[in-house]
Amino acid sequence: MTDPSTQPPATGRPTPPRWYRWTVLVLISLAMFGNYYVYDCISPLADVLKAQLGFSDSDIGLLQAIYSIPNVFMVLIGGFIIDRIGTKKSTFLFGVLCFIGAIVTACSSSLTFMATGRLIFGLGAESLIVAVTTAIAKWFKGKELSFAFGINLTIARLGSFAALNSPTWAASTYEHWQTPLLISVGFGVMCVVGAVLYWGLETRSERIYALGQAGSTDKVNFKDVLNFGTSYWFIVMLCITFYSGIFPFQTFAVKFFIEAHGVTRETGGFLSSMLTAFAMVFTPLFGLLVDKVGKRSLFMMFGSLLLIPVYLILAYSHISLYVPMAMMGIAFSLIPAIMWPSVAYVVDQSKLGTAYGLMTMIQNIGLAGFNLLIGWANDYSQASAANPTGYNLGMWIFSCLGFFGVTFAFLLRRSETGPHAHGLETITTTSK
-11 MTDPSTQPPA TGRPTPPRWY RWTVLVLISL AMFGNYYVYD CISPLADVLK AQLGFSDSDI
49 GLLQAIYSIP NVFMVLIGGF IIDRIGTKKS TFLFGVLCFI GAIVTACSSS LTFMATGRLI
109 FGLGAESLIV AVTTAIAKWF KGKELSFAFG INLTIARLGS FAALNSPTWA ASTYEHWQTP
169 LLISVGFGVM CVVGAVLYWG LETRSERIYA LGQAGSTDKV NFKDVLNFGT SYWFIVMLCI
229 TFYSGIFPFQ TFAVKFFIEA HGVTRETGGF LSSMLTAFAM VFTPLFGLLV DKVGKRSLFM
289 MFGSLLLIPV YLILAYSHIS LYVPMAMMGI AFSLIPAIMW PSVAYVVDQS KLGTAYGLMT
349 MIQNIGLAGF NLLIGWANDY SQASAANPTG YNLGMWIFSC LGFFGVTFAF LLRRSETGPH
409 AHGLETITTT SK
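Numbering (the working numbering), first residue to last: -11 to 420.
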């Protein structure tokens, strides 16, 4: 059977064949793999930083929060940069920043120096995610978009899985705080390598294929941001509440499992990595499902609903830890598989870099704020192995975020079943 994607468009040049598109996806996702590893290398190291360097939970929260703080401003600028210089140049630029940040983080035991490295890494990492997301939308819109996003996230989260399980496969390195960070530098190289490989493939495609552009350099301005519709803003608010309940939890998850539930670091790392393991398997499948049946906001309501009881189960019950982590893993697979590609349906393609940049900027407000808030809550409640109930305040905060997530997903569904719908509930691959 002939792949319809290879048929010549009006320009007379063929669009990229399916195998070429998927090769691009895999190679650009290597940059995301390295990005995710470097981000998650702090969590399994938290108790070591506390024991060897005297860091408090607030200090550890700062190391994650400072990653997000500059992106409250930078990532929107990154979106404009992507729309102006294109995805291949911006992916390389941001990949280099990620690599430099990983190096600086590993160089010194000073909290200030280490936080500076995380800041540099954050400047590149979030904008790199925006660039990769924009590139995938350009290569797959109108095709297997949600499935492609799912595959991208699966490859990226392999980086998280490797980092969170490093206490198992690199157990001896945790005898000293610096060695795991040096390993993260090695994985940071992939941010640059993936960007270079993608640049080469897209440059070749521009010569022989007809490929849509992700942005238009003269059309992006702040007025465009103000004109994004209500569906876009409901997706953004769901984004901030969802990720604020996931990533700040993971910042302290290994330490929480060790001190509140008495597990080993290896077990704690594996429990935290269950989110990633579920996501690697189910995100592409959920993406494929919604490509076939639609009902995107309805699925996101279900995913948000799963999060509400998870943290209270972790705090108050004696149910196996694998049960609430599996519930969280399903939500962590379902919502991102739908949420990010949904933006491509509600925002004009020429503004995608800006739209994803703005969405990621607001997401980072939540990540910065809640990493600091949970660190403060743990210190305020004196959370420790001697006082495991001190973690309960943070668990209540996370549970409330699940409630707000359900609310925004409901409002999105109401918007997308009304007269100004963009097709989130109805567009399927079979309807094209």
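Treat the hints with care, since some could be wrong.
What the hints assert, rightly or not - The following label-pair restraints were derived from C-beta to C-beta distances:
{"#": "1", "residue 1": "LYS77", "residue 2": "THR377", "range": "48 to 54 Å"}
{"#": "2", "residue 1": "GLN40", "residue 2": "TYR304", "range": "29 to 35 Å"}
{"#": "3", "residue 1": "GLY217", "residue 2": "LYS77", "range": "28 to 34 Å"}
{"#": "4", "residue 1": "ILE196", "residue 2": "ILE65", "range": "41 to 47 Å"}
{"#": "5", "residue 1": "SER96", "residue 2": "TYR368", "range": "24 to 30 Å"}
{"#": "6", "residue 1": "THR218", "residue 2": "GLU194", "range": "34 to 40 Å"}
Claimed, not checked - Straight-line C-alpha distance at most 16 Å; calculated EDC-like pairs for lysine to aspartate or glutamate:
{"#": "7", "residue 1": "LYS77", "residue 2": "GLU194"}
{"#": "8", "residue 1": "LYS76", "residue 2": "GLU194"}
{"#": "9", "residue 1": "LYS38", "residue 2": "GLU163"}
{"#": "10", "residue 1": "LYS38", "residue 2": "ASP367"}
It should be emphasised that the hints constitute simulated quantities derived from the structure, not laboratory data.
Backbone N, C-alpha and C define an ideal beta-carbon position, used for all residues, glycine too.
How the hints compare with the structure:
{"no.": "1", "hint": "LYS77 to THR377: 48 to 54 Å", "verdict": "holds, 51 Å"}
{"no.": "2", "hint": "GLN40 to TYR304: 29 to 35 Å", "verdict": "holds, 32 Å"}
{"no.": "3", "hint": "GLY217 to LYS77: 28 to 34 Å", "verdict": "holds, 30 Å"}
{"no.": "4", "hint": "ILE196 to ILE65: 41 to 47 Å", "verdict": "violated, 33 Å"}
{"no.": "5", "hint": "SER96 to TYR368: 24 to 30 Å", "verdict": "holds, 29 Å"}
{"no.": "6", "hint": "THR218 to GLU194: 34 to 40 Å", "verdict": "holds, 36 Å"}
{"no.": "7", "hint": "LYS77 to GLU194", "verdict": "holds, 14 Å"}
{"no.": "8", "hint": "LYS76 to GLU194", "verdict": "holds, 12 Å"}
{"no.": "9", "hint": "LYS38 to GLU163", "verdict": "holds, 13 Å"}
{"no.": "10", "hint": "LYS38 to ASP367", "verdict": "holds, 13 Å"}
Checked against the numbered hints above, the structure violates only hint 4.
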